[in-house]
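Asker: Residue numbers (the working numbering): 4 to 223.
Read the hints as simulated data drawn from the structure, not as lab findings. Just so we're clear, the structure is a prediction, and the values are computed from it rather than from any experiment. Note that CB positions come from ideal geometry on N, CA and C, so glycine has one too. Hints may be right or wrong, so weigh each one.
[As the list claims (entries may be wrong)] Here are the simulated SDA-like pairs of lysine to any residue, each with C-alpha atoms no more than 20 angstroms apart in a straight line:
1) K203 with V131
2) K212 with F182
3) K217 with V198
4) K212 with S168
5) K212 with E130
6) K183 with D207
7) K175 with M128
8) K221 with P178
9) K59 with Q71
10) K73 with T63
11) K87 with R115
12) K175 with I125
13) K221 with I196
14) K217 with I196
15) K212 with R184
16) K217 with S195
17) K107 with G81
18) K212 with F187
19) K217 with I125
20) K221 with G210
21) K217 with Y201
22) K212 with Q124
23) K175 with E121
24) K60 with E72
25) K189 with D136
26) K154 with T142
27) K87 with P100
28) K175 with L222
29) K93 with V69
30) K60 with Q71
31) K87 with S114
32) K217 with M206
33) K73 with V95
34) K175 with V197
35) K217 with L180
36) K203 with D129
[Unchecked claim] Per label pair, the in silico range of CB-to-CB distance:
37) S54 with T161: 48 to 56 angstroms
38) S54 with T174: 47 to 55 angstroms
39) N127 with L180: 17 to 25 angstroms
40) T161 with G81: 31 to 39 angstroms
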Amino acid sequence: MAAIGRRAGCLVLQLMKQNRKTFYDQLLEPSKTTALLGSHREKKNYKVTFSHEELKKRLTPLQYHVTQEKGTESAFEGEYTYNKAIGIYKCVVCGSPLFKSETKFDSNSDSRKKNNFEIGQIGNMDEVPLTFDAPSNKTVDVKDPKSITMKTSGHEKTHYTVVFSCCADGTKLPPMLIFKRKTFPKEVIPRSIVVHIYEKGWMDENGMKVWIEKVWSKLP
Numbered sequence: 004m005a006a007i008g009r010r011a012g013c014l015v016l017q018l019m020k021q022n023r024k025t026f027y028d029q030l031l032e033p034s035k036t037t038a039l040l041g042s043h044r045e046k047k048n049y050k051v052t053f054s055h056e057e058l059k060k061r062l063t064p065l066q067y068h069v070t071q072e073k074g075t076e077s078a079f080e081g082e083y084t085y086n087k088a089i090g091i092y093k094c095v096v097c098g099s100p101l102f103k104s105e106t107k108f109d110s111n112s113d114s115r116k117k118n119n120f121e122i123g124q125i126g127n128m129d130e131v132p133l134t135f136d137a138p139s140n141k142t143v144d145v146k147d148p149k150s151i152t153m154k155t156s157g158h159e160k161t162h163y164t165v166v167f168s169c170c171a172d173g174t175k176l177p178p179m180l181i182f183k184r185k186t187f188p189k190e191v192i193p194r195s196i197v198v199h200i201y202e203k204g205w206m207d208e209n210g211m212k213v214w215i216e217k218v219w220s221k222l223p
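Please model the entire structure based on the sequences and the hints provided.
Answerer: In structure tokens:
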């Protein structure tokens with residue numbers, strides 16, 4: 004009854020009262036169900052499934068691996084890495100439309116020309132969390148020891164964030180380190196590295212202000 008619309012509810016209840024057995028027999032037949040539901044039957048309510056044998060015949064090994072086995076393709080090696088063909092792109096499994104090229108492939112080249120931006124004025128910034136110590140899961144010891152001791156600095160779980168930036172013309176900007184603490188470290192850090200402290204150890208609003216002021220604003 005969940006798939007039956009409200010407007011068809013009265014008609015269905017009347018049919019059930021007249022002959023309940025006949026109604027359920029008809030409901031089990033797809034053609035009868037379609038007739039009863041009429042325009043209220045929506046395709047999106049019915050899950051479309053395909054057998055693995057059919058998909059293996061129809062899809063390439065990579066397509067099957069990505070769509071059915073939750074796999075990924077190698078970076079910058081996919082068929083559509085540099086593709087910007089105009090049209091509607093569809094799912095390789097069911098054929099459903101995914102997106103239009105004009106809403107997906109936007110290089111903003113018109114905006115750059117309109118605002119007279121130079122290549123060196125366009126940049127990219129990204130951040131990555133790292134640990135102070137990264138102990139290996141392998142070591143060297145005498146043959147057949149009862150136990151093996153691996154020494155670390157004790158900071159293998161202490162994280163900090165590194166922020167790297169570059170411009171479209173290839174210019175590398177000074178790196179920025181974000182330490183998880185409330186005070187600046189006492190260690191000597193090269194002047195070419197921008198340091199920011201934050202008790203949670205990652206980029207925040209204040210960190211972005213520091214990056215803009217001490218990294219991005221230093222561009223010639």
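Asker: Take the hints in turn and mark each one as holding or not.
Answerer: We went through each hint and held it up to the structure:
In summary, the hint linking K203 to V131 is supported, as the alpha carbons are separated by about 14 angstroms, within the 20 angstroms threshold. Taking the CA atoms of K212 and F182, the gap is about 16 angstroms. The hint holds against a cut of 20 angstroms. Between K217 and V198, the direct Cα distance comes to roughly 10 angstroms. Compliance with the 20 angstroms bound is thereby established for this hinted pair. For the proposed pair K212 and S168, the alpha carbon gap of about 15 angstroms is at most 20 angstroms, so the pair holds.
For the hint linking K212 to E130, the alpha-carbon distance of about 15 angstroms falls within 20 angstroms, and the restraint holds. Taking the CA atoms of K183 and D207, the gap is about 12 angstroms. The hint holds against a cut of 20 angstroms. Restraint check: the Cα-Cα separation between K175 and M128 comes to about 10 angstroms, which is no more than 20 angstroms; the hinted pair holds. Between K221 and P178 the alpha-carbon distance is near 12 angstroms, which keeps this suggested pair within the 20 angstroms criterion.
With a C-alpha separation of about 10 angstroms, the suggested pairing of K59 with Q71 holds against the 20 angstroms cut-off. Using a Cα cut-off of 20 angstroms, the hinted pair K73 and T63 holds, with the two alpha carbons roughly 15 angstroms apart. Of the pairs offered as hints, the one joining K87 and R115 holds, with about 19 angstroms between alpha carbons and a cut-off of 20 angstroms not exceeded. For the hint pairing K175 with I125, the CA-to-CA distance comes to about 12 angstroms; that is within 20 angstroms, so the pair holds.
Our distance criterion of 20 angstroms between C-alpha atoms is met by K221 and I196, whose separation comes to about 13 angstroms. For the hint pairing K217 with I196, the CA-to-CA distance comes to about 10 angstroms; that is within 20 angstroms, so the pair holds. For the given pair, K212 sits about 18 angstroms from R184 by alpha-carbon distance, which is consistent with the 20 angstroms threshold. Restraint check: the Cα-Cα separation between K217 and S195 comes to about 11 angstroms, which is no more than 20 angstroms; the hinted pair holds.
For the given pair, K107 sits about 16 angstroms from G81 by alpha-carbon distance, which is consistent with the 20 angstroms threshold. In summary, the hint linking K212 to F187 is supported, as the alpha carbons are separated by about 18 angstroms, within the 20 angstroms threshold. In summary, the hint linking K217 to I125 is supported, as the alpha carbons are separated by about 17 angstroms, within the 20 angstroms threshold. Only pairs whose Cα atoms come within 20 angstroms are accepted, and K221 paired with G210 is accepted, the gap being roughly 16 angstroms.
As the CA atoms of K217 and Y201 are separated by approximately 16 angstroms, the hinted pair is consistent with the 20 angstroms bound. At roughly 18 angstroms between alpha-carbon atoms, K212 and Q124 fall within 20 angstroms of each other, so this suggested pair holds. As the CA atoms of K175 and E121 are separated by approximately 16 angstroms, the hinted pair is consistent with the 20 angstroms bound. For the given pair, K60 sits about 16 angstroms from E72 by alpha-carbon distance, which is consistent with the 20 angstroms threshold.
The straight-line distance between the Cα atoms of K189 and D136 is roughly 19 angstroms, inside the 20 angstroms bound, and the hint therefore holds. Between K154 and T142 the alpha-carbon distance is near 10 angstroms, which keeps this suggested pair within the 20 angstroms criterion. For the suggested pair K87 and P100, the alpha carbons sit about 16 angstroms apart, so the restraint of at most 20 angstroms is met. Of the supplied pair hints, the one linking K175 and L222 holds, its CA atoms being roughly 10 angstroms apart against a limit of 20 angstroms.
At most 20 angstroms may separate the alpha-carbon atoms for a hinted pair to count; K93 and V69 meet this at roughly 15 angstroms. Simply put, K60 and Q71 have alpha-carbon atoms about 13 angstroms apart, close enough for the 20 angstroms limit, and the pair holds. Proximity of K87 to S114 is assessed by CA-CA distance (about 18 angstroms); at most 20 angstroms being required, the pair is judged to hold. The hinted pair formed by K217 and M206 meets the criterion: a straight-line CA distance of about 15 angstroms does not exceed 20 angstroms.
Between K73 and V95 the alpha-carbon distance is near 15 angstroms, which keeps this suggested pair within the 20 angstroms criterion. Taking the CA atoms of K175 and V197, the gap is about 14 angstroms. The hint holds against a cut of 20 angstroms. With a C-alpha separation of about 12 angstroms, the suggested pairing of K217 with L180 holds against the 20 angstroms cut-off. A C-alpha spacing of about 18 angstroms is found between K203 and D129, which places the hinted pair at or below 20 angstroms, so the restraint holds.
Evaluation of the 48 to 56 angstroms hint for S54 and T161 yields a pass: the beta carbon distance comes to about 50 angstroms. About 53 angstroms separates the C-beta atoms of S54 and T174, a value consistent with the hinted range of 47 to 55 angstroms. Distance hint check: the CB atoms of N127 and L180 are about 18 angstroms apart, consistent with the given range 17 to 25 angstroms. In this structure, T161 and G81 meet the distance hint of 31 to 39 angstroms, their C-beta atoms being roughly 37 angstroms apart.
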